[in-house]
Amino acid sequence: MSSRLAKEYKNVAKTLRADQSFSHVLSLGPCSDDNLTHWDAQIMGPADTCYSGYKFTLRIQVTDRYPLEPPKIRFAPFSIPHCNIDFDSGRICLTLLEQEHWSPAWDLLHCVQAIWLLLANPEPDSPLDVDLACLLRAKDYSAHDALVCYYLNGGSHGSRSN
Amino acid sequence: MVSTNEETQLVEQLHYTLGDLDASFSDDLEGLLTWLNPNETQSNHQLRPPILRIKSAIKTLVNNKNAQEPFLDLLRQFVVYQTRVHFFSNFRSLVHFKDLQKLERYYEFPLRFLELFGDGEWTEEISGFRNYLIFYHPVLARNVKLRLKQLILEDDFEMAMKVYSWLCSAEGHSLTQLLVDIILAKVKVFASKEFSAEFTRRFVIMETYNSFMASFWSTLSTMLECPEDNHEITKEIYESFEAQFIEIRTRQAFDIFVTEYPNSKPTLLELRAVLKSPSKYTQLITELLVQFEARVLKPSVTTVEILLSYVKAIKSILTVDISNRYFQLLTNFVRPYLMERRDAVVSFLNAMLGMGTIEHRESGTKVSQANITSQLSKEISDSYQPIFTTTMESSSHSQQQYTPIRATGEPVCSQVIARFLEWSPEPSDSIQFNGDNSFMSEGIFNIIIELFDSRDVIIAEFLRLFKEKLFNLRGYRLETNWHSSLKILKERVGLNKFSNAQDFSNVNNIDVMLRDIKQSEDLCCEMHKIPNINVDIVPKIISYLFWGIVSDSESSSREVVLPTKLDHDMTIYKNNYAKMKKGRKLRLHPAQSLVKIRLTCANGRTSRHEVSMDKAVILSCFSSEHESKSLTLEEVSAKVDVEKEFVQQVLNFWLQASVLTYDHESGLYCTLDHGENSDDVKSSRMLGSTGSTIHGRNDSGAAAVRSQQQELFQSMERVWPFIKGMLTNLGSMKPEKIHSFLKMAVPKEMGFTATVSQLESFLCHMVDENQLESTASGAFKLVK
Amino acid sequence: MLLEFEKVYPVFSWSWDIPGDENAVKENGDEDLCGICRVSYNGTCPSCKYPGDDCPLVIGECNHNFHVHCIQQWLDTPTAKGLCPMCRQPFSLKRNVAINEFQMGRLAKVLINSQPATLNDDQDMMMEPEFVVR
Chain R
1 MSSRLAKEYK NVAKTLRADQ SFSHVLSLGP CSDDNLTHWD AQIMGPADTC YSGYKFTLRI
61 QVTDRYPLEP PKIRFAPFSI PHCNIDFDSG RICLTLLEQE HWSPAWDLLH CVQAIWLLLA
121 NPEPDSPLDV DLACLLRAKD YSAHDALVCY YLNGGSHGSR SN
Chain E
1 MVSTNEETQL VEQLHYTLGD LDASFSDDLE GLLTWLNPNE TQSNHQLRPP ILRIKSAIKT
61 LVNNKNAQEP FLDLLRQFVV YQTRVHFFSN FRSLVHFKDL QKLERYYEFP LRFLELFGDG
121 EWTEEISGFR NYLIFYHPVL ARNVKLRLKQ LILEDDFEMA MKVYSWLCSA EGHSLTQLLV
181 DIILAKVKVF ASKEFSAEFT RRFVIMETYN SFMASFWSTL STMLECPEDN HEITKEIYES
241 FEAQFIEIRT RQAFDIFVTE YPNSKPTLLE LRAVLKSPSK YTQLITELLV QFEARVLKPS
301 VTTVEILLSY VKAIKSILTV DISNRYFQLL TNFVRPYLME RRDAVVSFLN AMLGMGTIEH
361 RESGTKVSQA NITSQLSKEI SDSYQPIFTT TMESSSHSQQ QYTPIRATGE PVCSQVIARF
421 LEWSPEPSDS IQFNGDNSFM SEGIFNIIIE LFDSRDVIIA EFLRLFKEKL FNLRGYRLET
481 NWHSSLKILK ERVGLNKFSN AQDFSNVNNI DVMLRDIKQS EDLCCEMHKI PNINVDIVPK
541 IISYLFWGIV SDSESSSREV VLPTKLDHDM TIYKNNYAKM KKGRKLRLHP AQSLVKIRLT
601 CANGRTSRHE VSMDKAVILS CFSSEHESKS LTLEEVSAKV DVEKEFVQQV LNFWLQASVL
661 TYDHESGLYC TLDHGENSDD VKSSRMLGST GSTIHGRNDS GAAAVRSQQQ ELFQSMERVW
721 PFIKGMLTNL GSMKPEKIHS FLKMAVPKEM GFTATVSQLE SFLCHMVDEN QLESTASGAF
781 KLVK
Chain W
1 MLLEFEKVYP VFSWSWDIPG DENAVKENGD EDLCGICRVS YNGTCPSCKY PGDDCPLVIG
61 ECNHNFHVHC IQQWLDTPTA KGLCPMCRQP FSLKRNVAIN EFQMGRLAKV LINSQPATLN
121 DDQDMMMEPE FVVR
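As you go down the protein sequences, you meet chains R, E and W in turn. Sequential numbering from 1 applies to the first sequence in the UniProt record's numbering. Sequential numbering from 1 applies to the second sequence in the UniProt record's numbering. Sequential numbering from 1 applies to the third sequence in the UniProt record's numbering.
With the rest of the complex left out, here is chain R (with noise of 0.2 Å):
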């Protein structure tokens, strides 16, 4: 389906350049243009929330059945603390990333929209970091904006998780 990717790219790059709304994706393409399968994208973090202001990078990995599967995406490793994500692996928990619920409709820029809206919007009731989730559950959110905050500061794996 590479031609459905090359396509992708093409309108990508046009729609970032043209689409104010699109504003806070830095960059989304292929990591070379021999090999359209792996992606990276940089976004910033949305405003009005702890991770505004700073970088994250995506690792997109797209597999010959895209789209009729999802692309697989990750933050880069140790690069953002999130309810939803991992912070060793930069997984993301995303039902719209999970094949049972993914869409051909759906096209990389999506995904990557989809998962900036994540870092605004929390879901505590999947978590993959249960300390951030447990925050948000009862509601402690400048205890859990501290933390985030002080992670991002590069607070360390290790101080973390004794």
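Because the hints were derived from the structure by calculation, they are not lab data. Keep in mind that a hint or two might mislead.
[Stated by the list, open to error] Cβ-to-Cβ under 8 Å is the rule here; a few derived chain R residues that face chain W:
#, residue
1, 44
2, 99
3, 100
4, 133
[As the list claims (entries may be wrong)] Footprint (simulated), chain W over chain R, 3 or more residues, beta carbon under 8 Å:
#, region
5, 101-107
6, 134-140
Backbone N, C-alpha and C define an ideal beta-carbon position, used for all residues, glycine too.
Dock chains E and W against the given chain R, drawing on the hints supplied.
Structure of chains E and W alone, referenced to chain R:
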């Protein structure tokens, strides 16, 4: 003559030895001595036999059994002494061999009459002189050798023999090397006469050698005192012929490799046989490149000619160079130059598809150009065969060896040379030559494709031509040359194993196009079976996405309101298609459609035209059974529902075709119904203008300006082919440059007198006519 | 002057005749694309070479159109649950449309095999406007 001491002594002794006889013979002796003495130039023998008195003196004193040995000895001494004195005081004045001969005769003459010297004695004396001359009179020595050479070159072997033996005796031994050198010089002269500019014979070296040997060898071998089967020397002579052949043919490289090819094949084959050392190859190819640059790579040579020269040169090089090393040099050499020619790819494809004569529709194309194109296509098509047989291995092999020279910023020339330096020759015995075709294994076609930097350019250009070709097909059949070209292009792309997605989709597009045409044929067959359908309609139904037609693009889908009958026919076809192919609909593309129309004038004259449908439809607005019809631009535009700009273009087209005429005063376009020929056209115009003079009086100033300009444009139309040719070759040019070029290029009879600003206004006019476009830098170029 | 057409070699382009689409003004000049492979209706799905007969289009009851190969592949995926990828309605072919005539039999099997599922919350979430680009 002043007598030296020694002389006086000798004379005294001579008198003395005579003893008693002296008294009676003293005068005779004196007379004899004077006669013998070469120094007594006034009173000696003077090359005349002795007079009686001297004769009797000789008889009494010398040629006499009683002659006393001491006396004879003294007389010998005297002669030797006097001769030496004469020699040493005169030898400086010797210059040529004939002087020598004269002198030697002068010395020897009197001795003929005396029995004074034994056999060897005098010869030894003379040899002494000769020897002395060789060593101490270099000018003379050189002159004698030159004389020998001259004589041999002039075939005067008798005299040459004399000179040669003189030289041998002077040197004291035979001069084989000198003689061989002279023989080789003779070979050189002989060869340059025989190896003239005639390239159609093979084995020229052997033939020439044989005729040389037949004429001269027996004489020369005698001179050399060697047996006729002396292989050392005959081999040297043969090799000298070879060397001469290479040298002369190297000077003629361009003629052999390009001008005379393919008639020069025998010469090329012979060159291949004798070129053994890489340095000779290098010289040959270098010379070819130099001449190629001087004669081909210049602005006045058209792109097609360059390509033709290039192909011929490549084929020639491949013929000569079995190792397939050198053609790459030429490619690298020509490529940068050809890159500057915008029409290179088109020219090549035209030739490849054999469109030189038939489909070159550009008006500026001259017959000679078409001729060159067809020559080029012949040269290219000649090489189709080997491509199919050996492409795979040979091209992958060669690509390893020759990564194209690029992008290092160094001038190509120095890189080319550098490559030469790192190249080490294969031992020639490892080069196998099997049969006449295999050295062409690289395939001319591949080589030419290499010449163009990217394959994509060729494929894109091919697609464009291909599409045009298909649109213009009258039926559904493609000529074979297109099929073979397609096959080659596909194979070329096939070699890449679709690494390039663009290539793949291009090839796929071609397949879809071909299938569309095939399916159109089937559908057409079916449709023509429908009763009452108009079978003069031969539709092509295309999958527009694969034909590069964007459905919304203006030009390709401009809707024109069709004349009722045509519209009706088109609708029938559309409806039938919808019936046959469920769920699909058709859309007409008048700009791509082709029609044959017949125009019947009121006076019964008919003419036929083949044009695109939109042009015909616009003209059909003027169609009327009996009278001629006049319409304004606006009226036509409204009638066919097409924007004015395009209608204007089409109307201009019909004006140029002398189908319509335009009246400036009324702004009306009108059919030229009564026009039989161009004179009539003019007169009808005149009538129109006289009829309207009353209304148009205040307009006359502007009209004058306009007519002046028209006159100018008319005169410029004649140089238009020059401008077009120039821009075709060089891309874009500024008006000043075009002007100075025209000054040079336009023949005097045609007269080019326009100023730069007049030229510029004409160029702007051509921009309006959509023939040219102007660039940001103020230059002009042809509309693609 | 009389102009007669002696011979006409018209060039037609074909396209799928989608009812109700005749006068639809296309935004930004974009072609209508198959929602799965993103290729124009009039092109081919990624596994086909030739458009038209070889790679037909189908029109869904929900008015979403796909190359038949694309929708078939999607419906063959167990997780598709027989739903249209665009609107998550159970996918079925529109009736009485010329395009679909030949495809009915072809798709029927697929449509029977796949289990139409009811919409759940997750899918509702994904249909929220902010997920839909453009």
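Against the structure, the hints:
1. 44: Nearest chain W Cβ about 17 Å off; hint violated.
2. 99: Given a least distance of 5 Å, the restraint on residue 99/R holds.
3. 100: With Cβ-Cβ at 5 Å, under 8 Å, it holds.
4. 133: Since the shortest Cβ distance to chain W is 18 Å, the answer is violated.
5. 101-107: It holds, with 6 qualifying residues against the three required.
6. 134-140: violated (count 0)
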